[in-house]
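Undergrad: Here is how the chains run, residue by residue.
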Amino acid sequence: MALDVLIVDDSAAIRKILQRVLVQADVTLGSVYEASDGQEALDRLKQARVGLILSDINMPNMDGLEFLGRIRADAAWKDVPVLMITTEGSQNKVMQALQLGANGYVKKPFTADQIKEKLAGIL
Amino acid sequence: MRAATEDVFQTMLMVPIEREPSFQEQAASQSFDGVIAFVGLAGPWAGSGRIACSPALACRISGSLLSCEFAAVTEEVLDAIGEITNMIVGGIKTALEDELGPMGLSIPTVIFGRNYQTRASGATNWIVAPYRCESESFDVRLCLVPHLQVAAHRLETAGSSV
Chain X
-5 MALDVLIVDD
5 SAAIRKILQR
15 VLVQADVTLG
25 SVYEASDGQE
35 ALDRLKQARV
45 GLILSDINMP
55 NMDGLEFLGR
65 IRADAAWKDV
75 PVLMITTEGS
85 QNKVMQALQL
95 GANGYVKKPF
105 TADQIKEKLA
115 GIL
Chain Y
4 MRAATEDVFQ
14 TMLMVPIERE
24 PSFQEQAASQ
34 SFDGVIAFVG
44 LAGPWAGSGR
54 IACSPALACR
64 ISGSLLSCEF
74 AAVTEEVLDA
84 IGEITNMIVG
94 GIKTALEDEL
104 GPMGLSIPTV
114 IFGRNYQTRA
124 SGATNWIVAP
134 YRCESESFDV
144 RLCLVPHLQV
154 AAHRLETAGS
164 SV
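Each protein sequence line maps, in turn, to chains X and Y.
Heads up, the final residue of the first sequence is numbered 117 in the working numbering, and it's a clean run with no missing numbers.
Heads up, the final residue of the second sequence is numbered 165 in the working numbering, and it's a clean run with no missing numbers.
Some hints could be false.
Cβ pair distances, simulated, as ranges [claimed, not checked]:
1. X:ASP73 <-> Y:PHE26: 49 to 55 Å
2. X:LEU92 <-> Y:ARG122: 37 to 43 Å
3. Y:ALA74 <-> X:LYS72: 45 to 51 Å
Listed next, the in silico EDC-like pairs over lysine to aspartate or glutamate satisfying Cα-Cα at most 20 Å (straight line) [said to hold, decoys possible]:
4. X:LYS101 <-> X:ASP57
5. X:LYS10 <-> Y:GLU78
6. X:LYS72 <-> X:GLU60
7. X:LYS101 <-> Y:GLU9
8. X:LYS40 <-> X:GLU60
9. X:LYS10 <-> Y:GLU72
10. X:LYS72 <-> X:ASP37
11. X:LYS40 <-> X:ASP(-2)
12. X:LYS10 <-> Y:GLU79
13. X:LYS101 <-> Y:ASP101
14. X:LYS101 <-> Y:GLU100
15. X:LYS101 <-> X:GLU111
16. X:LYS101 <-> X:GLU60
17. X:LYS10 <-> X:GLU34
18. X:LYS101 <-> Y:ASP10
19. X:LYS72 <-> X:ASP(-2)
20. X:LYS10 <-> X:ASP(-2)
21. X:LYS110 <-> X:ASP(-2)
22. X:LYS72 <-> X:ASP57
Honestly, the hints are just simulated from the structure, not real lab data.
No residue lacks a Cβ here, since even glycine has one placed at the ideal position from N, Cα and C.
This is chain X alone, in the form it adopts within the complex (with noise of 0.2 Å):
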């Protein structure tokens, strides 16, 4: 079954990287929406329904932890699969991640195969 998904980053090149990855990891993609920023990833969530979430933490406007507290604390994305993709690697903010509900972390740089290796515990 296609999986819709929601890519939040402020960076171009990582979103266009993140699906290239997610067809490596062998996700077999419906529609993929793009935020650059967690304000824009919740007005883009207001629109459309996804499978799962990837996203950054340190982004402009709202970060990515505060996004994820925001989808958390709402009933319709509470359950949605979520895994932080970032360069922010200390163990504090790993467990910030996890606590406030994300399901998976992963630490840029990547590989695809690391992606795999956590959709697959996740999804």
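Take the given structure of chain X and dock chain Y to it, following the hints.
TA: Same frame as chain X, but now just chain Y:
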């Protein structure tokens, strides 16, 4: 710095690079042609990390990151270089935080042009890690000072202009 740089190049770029000897440099102003990307660091220690390369190399490594070719520096190339810098400086930050305490990362700033000058505030020592990549050179630079030193310099500068 070396580990973070090589991790990015090996993991996501698949472009071979060779180390050249590291050095320290105290530089208030530099003249440059090409692409420079900065990411700021803030916390108990503050400063910035920087990558500098030629336009041709920027196109090469961006193309490798995005699996396409770039004949010239475009918005896509600048974005890619910004993200590569973000990943390298992010890796440096993660490695240093155990010793120096938590630090925040800024959004990358990327500059492209000819014959422009850059200047870092204060008497800053940069640690420079140069590399060869195919027939080109690039370097990764890091400048970090204790936060109180940054604040003291700013007070001194502000006081002199009042």
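Undergrad: Give a verdict on every hint.
TA: Against the structure, the hints come out as follows:
1. X:ASP73 <-> Y:PHE26: 49 to 55 Å: With a Cβ separation near 53 Å, ASP73 of chain X and PHE26 of chain Y satisfy 49 to 55 Å, so the hint holds.
2. X:LEU92 <-> Y:ARG122: 37 to 43 Å: holds (41 Å)
3. Y:ALA74 <-> X:LYS72: 45 to 51 Å: holds (47 Å)
4. X:LYS101 <-> X:ASP57: Cα-Cα ~16 Å, so holds.
5. X:LYS10 <-> Y:GLU78: holds (14 Å)
6. X:LYS72 <-> X:GLU60: holds (14 Å)
7. X:LYS101 <-> Y:GLU9: Within the cut-off at roughly 15 Å; holds.
8. X:LYS40 <-> X:GLU60: holds (17 Å)
9. X:LYS10 <-> Y:GLU72: holds (15 Å)
10. X:LYS72 <-> X:ASP37: holds (16 Å)
11. X:LYS40 <-> X:ASP(-2): The hint holds at about 14 Å.
12. X:LYS10 <-> Y:GLU79: holds (11 Å)
13. X:LYS101 <-> Y:ASP101: holds (17 Å)
14. X:LYS101 <-> Y:GLU100: Distance ~15 Å between LYS101 of chain X and GLU100 of chain Y Cα, so the pair holds.
15. X:LYS101 <-> X:GLU111: holds (13 Å)
16. X:LYS101 <-> X:GLU60: holds (18 Å)
17. X:LYS10 <-> X:GLU34: At roughly 17 Å apart (the allowed maximum being 20 Å), GLU34 of chain X and LYS10 of chain X satisfy the hint.
18. X:LYS101 <-> Y:ASP10: holds (12 Å)
19. X:LYS72 <-> X:ASP(-2): holds (16 Å)
20. X:LYS10 <-> X:ASP(-2): holds (15 Å)
21. X:LYS110 <-> X:ASP(-2): holds (16 Å)
22. X:LYS72 <-> X:ASP57: holds (18 Å)
The earlier numbered hints are all upheld by this structure, with none contradicted.
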